[in-house]
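Chains as they are written, first to last, in our numbering: chain V, -10 to 149; chain S, -10 to 149; chain X, -10 to 149; chain Y, -10 to 149.
Do not rely on the hints blindly, as some may be mistaken.
Identical copies look the same in the list; a pair holds intra-copy or inter-copy alike.
[To be verified] 25 Å max Cα-Cα, derived DMTMM-like pairs, lysine to aspartate or glutamate:
hint	residue 1	residue 2
1	148	29
2	148	77
3	148	5
4	148	123
5	148	95
6	148	132
7	148	64
Please keep in mind that the hints were generated in silico from the structure rather than gathered at the bench.
Small disclaimer: the values here were computed from a predicted structure and weren't measured.
Here is what each chain is made of, one letter per residue.
Number of protein chains: 4
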Amino acid sequence: MTRLHVPIRLRWSDLDAYGHVNNAEMLRLLEEARIQAFWETDEVSAEHAIGGSTAVLDGRPGADTLTLIARQEIEYLAPVPYLRQPLDVQMWLGRLGGASLEVCYEVFSPVGAEPRTAYARAATTIVLVDAASERPRRINDRERAAWTPFLDDPIVFTKR
Amino acid sequence: MTRLHVPIRLRWSDLDAYGHVNNAEMLRLLEEARIQAFWETDEVSAEHAIGGSTAVLDGRPGADTLTLIARQEIEYLAPVPYLRQPLDVQMWLGRLGGASLEVCYEVFSPVGAEPRTAYARAATTIVLVDAASERPRRINDRERAAWTPFLDDPIVFTKR
Amino acid sequence: MTRLHVPIRLRWSDLDAYGHVNNAEMLRLLEEARIQAFWETDEVSAEHAIGGSTAVLDGRPGADTLTLIARQEIEYLAPVPYLRQPLDVQMWLGRLGGASLEVCYEVFSPVGAEPRTAYARAATTIVLVDAASERPRRINDRERAAWTPFLDDPIVFTKR
Amino acid sequence: MTRLHVPIRLRWSDLDAYGHVNNAEMLRLLEEARIQAFWETDEVSAEHAIGGSTAVLDGRPGADTLTLIARQEIEYLAPVPYLRQPLDVQMWLGRLGGASLEVCYEVFSPVGAEPRTAYARAATTIVLVDAASERPRRINDRERAAWTPFLDDPIVFTKR
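If we strip away everything but chain V, and leave its shape as in the complex, we get:
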């Protein structure tokens, strides 16, 4: 199974008064992983991509495409303490539709940490929207070619 591995470093301010990474903040970490993996920028590199770059969406100000979040689902498996080493956020696509895609995530302890903890699993449905017309637009050929290698089974959520 081909997954993107994006290292996401915590900030101390991600902790809430309980001393663990806040539940809403976790979705911000996933947002950050998603942006690093899917957004094309001037400075993008292949550092975080395994098996080719997925970063084909133009995320710069004034870009033609907006990415709208239509839904999210997350299961928290273990509280995340403050960690100096980056979380290992693994990502793949659970669905690749006409104008939308589902990004799947599993969040693990830093690479090399023992024992290895699975902290969360989650999914985000993204709709590509044309910035000018504000209407959904189809995933184009370049995007489909870049993303298809990461297509795999969607997450089976067990806590519904």
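Keeping the supplied structure of chain V fixed, place chains S, X and Y upon it in accordance with the hints.
Same frame as chain V, but now just chains S, X and Y:
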């Protein structure tokens, strides 16, 4: 149907670079609504409770019970712009189990705004955990009595 | 002395792992107070203005003027715990220049709380910038008339 | 002059609706740099220290010492856009007192970027507080030895 109505005021910093309330921030707004509705504090009042107070959880530092978030699901129905008047966050319980409960939300435009927009619907599964043993503990009689009037059908998510 | 009194409600997420309002978050609370006091919106009301409305800056997307923050200074006098009632943020102007102004703040316990605690004092220098040219623009007559009543001595910072 | 260089990676969510790093968020980035430089953790390494480790404060939950922020001052020199490469946060000590110290910062473009932009300069006064007594405690010999090499002139703020 008996719902809690909690007014949640936006901050300008809830907006992201797209100029709308950020998708992760929306879960922070729901967290705030949940805390105002369910946490007992010295200063708690009945201002936000309809049909009796649900605020029977002790949320003060050093309290006996921790509330763990086990899962969340959210559907975004319309982007939320900057609003001066508070969002109308409506809440009820979709399930009341042994040691856990499901909080359901529908987020609407400020009361009195025309037209009325439904911005999001969501659900959070909470587990009550004994702070000393760090193990789930049963919902007690006082809590069950306070919360049962708000029990209703869970949300039917349509974008799965 | 004529001061604006803006009630700013805490969110539980303003606390950090120390259990107090985070030092950087405090500046976000001041930002929110400033926006409520100075930004004109469709929905603005006189609720928070004493002695006339200061909300004469157009803060809507696409507005002609941007407000740039040039400097900030803050002294923390006491840690802020989680409070259900809104902080009493008092504001005035310490300086009203050609294209810039200095907003001064003192942050107090909620109105009516005993004892009354002064939590912080701070100052923010704002430059008005023309959105099109991205250059500073002069404070206009309407703004000067609205803001002059709140002009007073700047804060004397004691911890420098 | 001996400075600590701490690379701080932006998150897209650090941007506000103006499309630049938010003014309050900038202090959060400085907080993160400070924690990485001064807090000792199980996993600390010398990666970010030049000329010896300054990370001699125990920042773990339940530690003996709390670090209280007494004041902060910041001058914003240029708006910070979204950057993929980490900011170069340079730090030194402007003062090393009995129980308190002043951390000074200059925030620059990512290492290697052309042209090199100075985005901000700032200072934070920290007081070491004994967690048990909640009273200031003296900087100890180990801390003084670790921090003295980074002592230099404090920032001369020019926008006061």
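Structure-inconsistent hints, enumerated in ascending order: 1
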